[in-house]
Amino acid sequence: KEGLTVFRDQEFTGDTRSGPVERIAAVRMLKTHQFPEDAGPLAHPVRPASYIEINNFYTSTVYEKGAEVCRMLQTLLGREGFRKGLDLYFERHDGEAVTVEDFVEAMADVSGRDLDQFMLWYTQSGTPELACSLDYDAHAKTARLAVSQVVPPTPGQTKKEPMFIPLKVGLIGSNGDELPLKLDGEEPLTDGLLEVTEREQVFAFRDISAPPTLSLLRGFSAPVRITSSLDPDQIEFLMIHDSDPFNRWQAAQTFASNLLVAAARNGAGHERVNGREANRLAQAIGTTVSDASLLAAYRAEFLKLPSESDIARELARNVDTDAVRNAREGLRAMIGGAIKETLAELYEATAPSGPYSPDPDSAGKRALRGAALDLLVATAAPAEIARAKHHYREASNMTDAIAALSILSHLPAAARDQALDHFYARWQDEPLVLDKWFAVQARSARPDSVETVRGLLSHPKFSLKNPNRVRALIGSFVHANPTGFNRADGAGYKLLAGQALGIDRFNPHVAARLLGAFESWRILEPGRQARARAVLEDLAARPLSTDSYEIVTKTLGGA
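Residues 51 to 609 in our numbering are what the sequence shown lists, from first letter to last.
If you're looking for bench data, these hints aren't it; they were derived computationally from the structure.
Some clues are possibly wrong.
Unchecked claim - What follows is a set of in silico ranges between Cβ atoms, one per label pair, in the way DEER data are often shown:
| no. | residue 1 | residue 2 | range |
| --- | --- | --- | --- |
| 1 | T603 | D137 | 40 to 46 angstroms |
| 2 | D137 | D372 | 52 to 58 angstroms |
| 3 | L170 | T66 | 30 to 36 angstroms |
| 4 | Y108 | T192 | 47 to 53 angstroms |
| 5 | P576 | D257 | 51 to 57 angstroms |
Stated by the list, open to error - Straight-line Cα separation of at most 30 angstroms, DSBU-like style, residue types lysine-lysine; simulated pairs:
| no. | residue 1 | residue 2 |
| --- | --- | --- |
| 6 | K604 | K515 |
| 7 | K51 | K209 |
| 8 | K51 | K604 |
| 9 | K486 | K544 |
| 10 | K604 | K210 |
| 11 | K511 | K439 |
| 12 | K354 | K390 |
| 13 | K544 | K604 |
| 14 | K191 | K232 |
| 15 | K511 | K544 |
| 16 | K390 | K439 |
| 17 | K511 | K486 |
| 18 | K354 | K439 |
| 19 | K210 | K51 |
| 20 | K604 | K209 |
| 21 | K51 | K134 |
| 22 | K134 | K232 |
| 23 | K515 | K544 |
| 24 | K354 | K486 |
| 25 | K486 | K515 |
| 26 | K486 | K439 |
Yeah, the Cβ is synthetic: ideal placement off N, Cα and C, and Gly gets one too.
The task is simple: from the sequences and hints, build the whole structure.
Laid out in structure tokens, this is it:
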């Protein structure tokens with residue numbers, strides 16, 4: 051029910067706001083939180099087979115990946131078929147205690163489909179990895195898509211069976227037109243849906259008159275990782291021409307991620323993020339965000355680079371979080387400078403023309419304006435910093451105020467303290483708003499973020515016995531500030547351990563959730579690994595609640 055509830059909420063938000071923007075937000079959350087969980091020592095299936103403490107299964111896998119499983123069923127059965135399956139499920143089981151088998155059986159019965167293999171999504175942990183390549187035969191006018199899948203080993207599951215993966219694809223001609231998808235010996239595909247069920251499969255598309263560009267995993271049709279043979283020219287082409295809104299955005303993310311991963315891995319950050327390829331990315335982004343036919347909220351997503359956590363996940367090993375941050379900040383500054391005129395025009399064009407309104411169009415303009423401001427300030431130009439201060443002073447709503455405050459929080463004290471002090475003075479008696487004030491500072495990219503958080507622990511408005519305040523300050527620091535938490539001297543690890551031990555005495559559930567921040571310690575470079583392991587070993591030797599003991603021992607594993 052957890053996955054179905056999240057899925058229904060996502061669908062409702064997509065229907066009432068922007069479907070593509072909601073899909074981007076859902077996938078961003080999945081990749082940020084659930085993919086690392088699936089790749090780490092805390093990996094577990096959507097329906098875990100066992101547990102030490104049930105409280106520890108309020109996880110991204112159960113909820114967010116569970117929602118993706120429901121979405122895949124809708125993709126395979128179609129919206130109408132999925133709804134019929136839901137109706138049958140409710141008719142059969144309303145008011146009963148049921149299992150996922152009952153849910154999937156209803157879907158199988160209304161569709162006539164064999165979904166036995168699909169059940170692996172509930173019982174098998176890990177993120178499937180698809181390798182895809184497209185070969186074109188000019189003589190036969192055929193494009194052959196080769197797909198192979200691997201599900202990596204996870205704790206307690208070393209041997210994996212191939213999954214039933216709905217893979218939505220498209221082929222795009224050189225003029226940007228969608229090409230008909232005609233598989234050998236089958237009816238033309240109207241929805242671009244391929245069913246990947248074996249370790250290796252080949253799909254041959256006929257009547258393709260010229261080499262096409264492949265659009266893979268449209269709409270993020272399955273929670274998988276993709277590697278493909280697409281080159282930078284093809285990725286840039288998809289950024290401009292892909293008719294699938296999600297994949298058009300994903301192409302921009304992939305282009306940026308490739309640059310950032312290379313920069314962070316090779317230590318050539320400045321050259322990598324200021325060269326010709328980076329400028330191509332900047333110009334393509336500028337072209338996209340200038341297209342007034344696109345929703346403002348959608349254009350705003352193109353101005354957001356992959357996060358530090360995204361880059362670390364792609365690096366997968368020997369991660370130096372300082373190098374990751376330096377590469378990302380360098381690319382942000384480069385893009386902000388390369389398209390500064392476009393960004394400034396967007397900022398002015400999206401200025402509010404009347405009183406605050408929560409309608410989707412107004413909200414989208416606020417998002418686009420805030421994203422443009424963020425990249426302008428990344429250039430560190432005094433005029434842009436002044437613009438951000440003005441944005442904060444003139445904010446008539448919380449969205450604009452927090453956007454400006456977040457941007458200013460990363461800057462030196464002279465640029466940020468006045469805004470922080472003003473926000474606190476105004477909102478100190480509003481607990482939920484004050485949580486935002488704590489969180490903004492905890493996420494700050496400043497090198498003294500550990501000291502900032504430590505100082506705020508003594509703030510008169512902070513209490514370890516207020517779970518929301520703990521999540522806002524400590525949770526934001528350990529989960530949303532990877533460079534601060536993973537500081538090379540280990541200070542972030544020690545801060546978390548000390549606070550978690552105190553919280554564990556009276557709120558084990560919150561303590562265990564905080565300690566989950568250690569889940570990716572094995573992908574770090576050796577120095578950080580050693581410091582994280584030492585802290586985990588110290589924690590494991592102390593008396594802990596069942597909640598925290600399970601997280602610490604599983605995270606430590608065989609280290």
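A quick look at each hint next to the structure:
Restraint check, T603 to D137: a C-beta distance of roughly 44 angstroms satisfies the suggested window 40 to 46 angstroms. One distance hint, 52 to 58 angstroms for the beta-carbon pair D137 and D372, holds here, with the actual separation near 54 angstroms. L170 and T66 have their C-beta atoms about 33 angstroms apart, which keeps the hinted 30 to 36 angstroms range intact. Between Y108 and T192 the CB atoms are about 49 angstroms apart, so this pair conforms to the stated range of 47 to 53 angstroms.
At about 54 angstroms, the CB distance of P576 to D257 agrees with the hint of 51 to 57 angstroms. For the suggested pair K604 and K515, the alpha carbons sit about 26 angstroms apart, so the restraint of at most 30 angstroms is met. A hinted pair counts as satisfied when its Cα atoms are at most 30 angstroms apart, and K51 with K209 qualifies at roughly 28 angstroms. Proximity of K51 to K604 is assessed by CA-CA distance (about 26 angstroms); at most 30 angstroms being required, the pair is judged to hold.
Note on K486 and K544: the hinted pairing holds, with a Cα-Cα distance of about 24 angstroms set against a maximum of 30 angstroms. Distance hint between K604 and K210 is fulfilled; the C-alpha atoms sit about 20 angstroms from each other, no more than 30 angstroms. About 25 angstroms separates the Cα atoms of K511 and K439, which keeps this hinted pair within 30 angstroms; it holds. Restraint check for K354 and K390: the C-alpha separation of about 15 angstroms stays at or below 30 angstroms, so the hint holds.
For the proposed pair K544 and K604, the alpha carbon gap of about 19 angstroms is at most 30 angstroms, so the pair holds. Between K191 and K232, the direct Cα distance comes to roughly 12 angstroms. Compliance with the 30 angstroms bound is thereby established for this hinted pair. Between K511 and K544 the alpha-carbon distance is near 23 angstroms, which keeps this suggested pair within the 30 angstroms criterion. Proximity of K390 to K439 is assessed by CA-CA distance (about 18 angstroms); at most 30 angstroms being required, the pair is judged to hold.
Distance restraint check for K511 and K486: the Cα-Cα separation of roughly 13 angstroms lies within the 30 angstroms cut-off, and the hinted pair is therefore satisfied. A distance of roughly 21 angstroms separates the Cα atoms of K354 and K439; the hinted pair therefore holds under the 30 angstroms criterion. The hinted pair formed by K210 and K51 meets the criterion: a straight-line CA distance of about 25 angstroms does not exceed 30 angstroms. For the proposed pair K604 and K209, the alpha carbon gap of about 19 angstroms is at most 30 angstroms, so the pair holds.
The suggested pairing of K51 with K134 holds, with an alpha-carbon distance near 17 angstroms, which does not exceed 30 angstroms. Taken as a hint, the K134 and K232 pair is honoured in the structure, with Cα atoms around 29 angstroms apart against an allowance of 30 angstroms. Restraint check for K515 and K544: satisfied, since their Cα atoms lie roughly 20 angstroms apart, inside the 30 angstroms limit. Restraint check: the Cα-Cα separation between K354 and K486 comes to about 20 angstroms, which is no more than 30 angstroms; the hinted pair holds.
At most 30 angstroms may separate the alpha-carbon atoms for a hinted pair to count; K486 and K515 meet this at roughly 17 angstroms. The straight-line distance between the Cα atoms of K486 and K439 is roughly 18 angstroms, inside the 30 angstroms bound, and the hint therefore holds.
This entry satisfies every hint, going by the numbered hints stated previously.
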